[in-house]
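Chains as they are written, first to last, in the working numbering: chain A, 40 to 454; chain B, 31 to 303; chain C, 465 to 686.
There may be inaccurate statements among the hints.
Some chain B residues well away from chain C (every beta-carbon gap over 12 Å; in silico) [unchecked claim]:
| # | residue |
| --- | --- |
| 1 | Y65 |
| 2 | G66 |
| 3 | G91 |
| 4 | T107 |
| 5 | D123 |
| 6 | D173 |
| 7 | G184 |
| 8 | R192 |
| 9 | E240 |
| 10 | E244 |
| 11 | L273 |
| 12 | H275 |
| 13 | D284 |
| 14 | Q295 |
| 15 | D296 |
These stretches of chain C come out as covered by chain B in the derived footprint (C-beta under 8 Å, 3 or more residues) [as the list claims (entries may be wrong)]:
| # | segment |
| --- | --- |
| 16 | 541-555 |
| 17 | 654-660 |
Since the hints were derived computationally from the structure, they do not count as laboratory data. Nothing here was measured: the structure is a model prediction, and the numbers come from that model. We treat Cβ as the ideally placed atom computed from N, Cα and C, and that holds for glycine.
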Amino acid sequence: MSEVITPTRTPEFEARLKQRYAAEKRFKAAGLAAVLFSIVVLIFLLGNMLINGLGGFQRTVLDVPIDMSRMALSIPASENDAIAIRALQSQGLPEIVQFAAEEALGAEGAAQVNSEAWRDVATEIVNDRSLLQGTHTFALVTSEDLASAYAGDGQAALQPLAQELADRGVLRDGFDAGFLERSDATDPQLAGIWGALKGSILTMIVTLLLAFPVGVLAALYLEEYAPRNRWTDIIEVSINNLAAVPSIIFGLLGLAVFLTLFPGYRSAPVIGGMTLALMTMPVIVISGRNAIKAVPPSIRDGALAIGASPVQVVFHHVLPLALPGILTGTIIGMARALGETAPLLLIGMRAFVSTPPEGFTDNATVLPMQIFLWSDQIDRGFVERTSAAIIVLLIFLLLMNGLAIYLRNKFEKKW
Amino acid sequence: MVMDQTHAPGGKSLEAEAEALSAPKISATGVSVFYGEKKAIDEVSINVHTEHVTAFIGPSGCGKSTFLRTLNRMNDTIPSARVEGTIELDGEDIYHSGMDVVQLRARVGMVFQKPNPFPKSIYENIAYGPRIHGLAQGKTELDQIVERSLQRAGLWEEVKDRLEDSGTALSGGQQQRLCIARAIAVDPEVILMDEPCSALDPIATAKIEELIDELRGRYAIVIVTHSMQQAARVSQRTAFFHLGHLVEYGHTSDIFTNPREKRTQDYITGRYG
Amino acid sequence: MAEHTVKAFDEDITRIRGLIAELGGLAELAIQQSLEAIVTGDEELAREVVERDPKLDALEAEVDAMAVRVLALRAPMADDLREIIAALKIAGVVERIGDYAKNIAKRVGRIEGRARFEPLTLLPAMGEVAAEMVHDVLTAYAARDPIVAREVIERDEKVDAFYDSIFRNLVSHMVENPATISSAAQLLFVARNIERIGDHATNVAEMVHFAAVGSYPTDIER
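If we strip away everything but chain A, and leave its shape as in the complex, we get (with noise of 0.2 Å):
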């Protein structure tokens, strides 16, 4: 503010002058309070998140030395590790490891090793088969009440035990990496994420494959081919509609047309993808027709002045130029899939599938399914994978993002 009096400078207009600059100081401040307020609302739930699921991403363990010279075994000279594992298995692997557990841990703690903990122990040693010779500390997975009762909940029966070897070291939580490569189990404790994972990449594939070319074919037609009577507006009416309905109404049309077509193929990939490819592709219709729209017409008859066919002009000029806004559109819209629960429950894919999809056509699940399943559960452990499992998705959801989002740039170009 200038010392000086200048004419224009009246007292009415400070006031109004300090008014207006009030008026868009608090327009600053409220609008900064919404982001801050976004962003706490975000840590808090990503915390939440985060604190209960790492402790899905651990199990409870005991530790157990294993002497595997004197056990004369011996694995058979082959790639296939099921193979290995089998051989191992018959020649009387899980009885070693009880005994051995026996040993380490008296009756009443071996009681509590899981009955499947020595898979892991023969593929431990099927991946490093020097482990034969000389005594190995395994770390052999508990079985749910004891991983129960040490974390505090569970049997009370089971606690003082539980007490007992952890203090003397040999009950811990340790990181469980095979959390991603394993299916879903009714047991806690050996449950892993990576069928679900599996079904939830195939049945996008599936979906992409389905919505994305017949999405990005529609709208080029309806921009560019379609003559505008009321027959194409009907059609743009409806697809603006369809992109708003609920996701469960998408499920009962699976069920009704889908599984009546392929009765067989209840829980397979392939249907719940031609689901969720119904509930994509209107998106990508909506938002490739704005992103074709938005191509500049100058373009359009700069391309046609030279003599190129109409076809020509869509591929070679206005294509490329959407494209950035059409990936857009696929983003949203893969998204949504991916989180998608109440369609695919319709259609049935909500089977325990224990073992991860081979193809398209297998019984799966899907993650948002699987967390679920889990979320359904009783059991204390399942709590804790649930919520390791969002995490999981989470993270999925962030890489298909990013992928899509490194697409985008890589083809934007300035005009």
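Given the coordinates of chain A, work out where chains B and C should sit on it, guided by the hints.
Positioned in the frame of chain A, the structure of chains B and C alone reads:
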């Protein structure tokens, strides 16, 4: 139809003079253009020769751009547009069903008011047309076409070291010359220019006008312009359009020193409106 | 005639026309006064004419400057362009007419013995025809009238006829009265000047025709 109502200097009629010229490159007879029910162009007949630059002048909305766009069938992109009458390119009716529009537009090129280079490299901008029309066998030939087109457009020296740069990174005047080079690259017979300099500064405008003068005679050039000074500088024949009619057509020097129609005179002296 | 959309253009043209009208008026006055001075021997009047001549020069310079300005700033076309070019040339020609009138006035003091010269009665008649031509052609300019311009051109032969007869008359007078040769010679020059004024008036008429129609009148014998 007022096609031959004007006289050349020295008293020769345009008809007599037409015998001294080659046959017209484009010959329009009784052309009317409708947008739905509305008549935008009313019974226009005019000849365009390769030897002359022809200018279309007239107030806004008089139909000069619309008529220009009928010459390369760009009005086809507008659903409600309908063209009646005959337009012949080298004696061939361009609106008859056997005519391939894509091929027509390679023979009759167009440069627009706002420069619209493709968002590709300079090289790609020029090479795109020859490539889709199969005008070059192999990269060397394509390189030659690109260089020749840029040289003819007077742009080669300025961009020869940066052919991979984006076409949109050039200045306005350079972009417009790029668009002209792009049109030249497909070896057209006619170049239509729709107010090519209206978005450019005077120096860029002068360069384009000089370019038009150099291209004269090799391509039949038709230029639509708002600026009467530009029409006077650049063309040898001028056609004055008014409310969809062709009011007067003749030698540029006659139109601007002694026009026959009062409407023409009123427009060019600034008494219009 | 419809007005220009840019009114200032009309104002410029009006100003130029006004200047030419003023210039023409001064030239007509100079012709009339110089002839009167020749006949009556009024040296006072003659001096007035001579002293007023710089005004004509100044007006012509002003028309030149204005015309150049309009050409540069307005880029006139068609009839506007012809009008400006015509105005440029007409101003020059009318200024020269004024010069001839001044020349006539300068000779007033050198003529003696007025009563003895018969041609002295013819000169006013000749001068009147020339003066009328100037007046009418400037009126034609104001009205953009090519027909009156053509008619003015045809009148020039009258002035030429006058000149021939005065010439013969003076020559025979000089032969008969050798003492009057110097005065008679002056009167010859006066007649010559009036004839030149007539010629210049036809020049103006041609420019008027060109400005109005776009071509010169080609079929008039001159």
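Cross-check of the supplied hints:
Non-interface status of B/Y65 relative to chain C is upheld: no Cβ of that chain comes within 12 Å, the nearest being about 28 Å off. At the 12 Å boundary, the C-beta of B/G66 stays outside the reach of chain C, the nearest C-beta of that chain being 32 Å off. At roughly 16 Å, the least C-beta separation between B/G91 and chain C is larger than 12 Å, which holds for a residue marked as non-interface. The non-interface label for B/T107 is consistent with chain C: the shortest C-beta to C-beta separation is roughly 35 Å, beyond 12 Å.
Listed as a non-interface residue, B/D123 keeps its Cβ farther than 12 Å from every Cβ of chain C; the least gap is roughly 37 Å. For B/D173, the shortest C-beta to C-beta distance to chain C comes to about 45 Å, beyond the 12 Å cut-off, and the non-interface label holds. At roughly 27 Å, the least C-beta separation between B/G184 and chain C is larger than 12 Å, which holds for a residue marked as non-interface. No beta-carbon of chain C comes within 12 Å of the beta-carbon of B/R192; the shortest separation is about 39 Å.
Against the 12 Å criterion, B/E240 stays outside the reach of chain C, whose nearest CB is about 20 Å from its own CB. Listed as outside the interface, B/E244 is consistent with that label: its C-beta sits roughly 25 Å from the nearest C-beta of chain C, beyond the 12 Å cut-off. The claim that B/L273 lies off the interface holds: its Cβ sits roughly 17 Å from the closest Cβ of chain C, which is beyond the 12 Å cut-off. B/H275, annotated as away from the interface, keeps every beta carbon of chain C farther than 12 Å; the closest lies near 19 Å.
Remark: the non-interface label on B/D284 conflicts with the geometry, its nearest Cβ contact in chain C lying 9 Å away (cut-off 12 Å). A beta-carbon of chain C comes within 12 Å of the beta-carbon of B/Q295; the shortest separation is about 5 Å. Its closest Cβ contact with chain C, about 6 Å, brings B/D296 to no more than 12 Å, contrary to its assignment away from the interface. Check result for the segment 541-555 of chain C against chain B: holds, 6 residues qualifying (beta carbon to beta carbon below 8 Å, three or more required).
Counting residues of the segment 654-660 of chain C whose C-beta lies closer than 8 Å to any C-beta of chain B gives 0; at least three are required, and the coverage claim is violated.
Violated hints, listed in ascending order, are 13, 14, 15, 17; each of the other numbered hints is respected by the structure.
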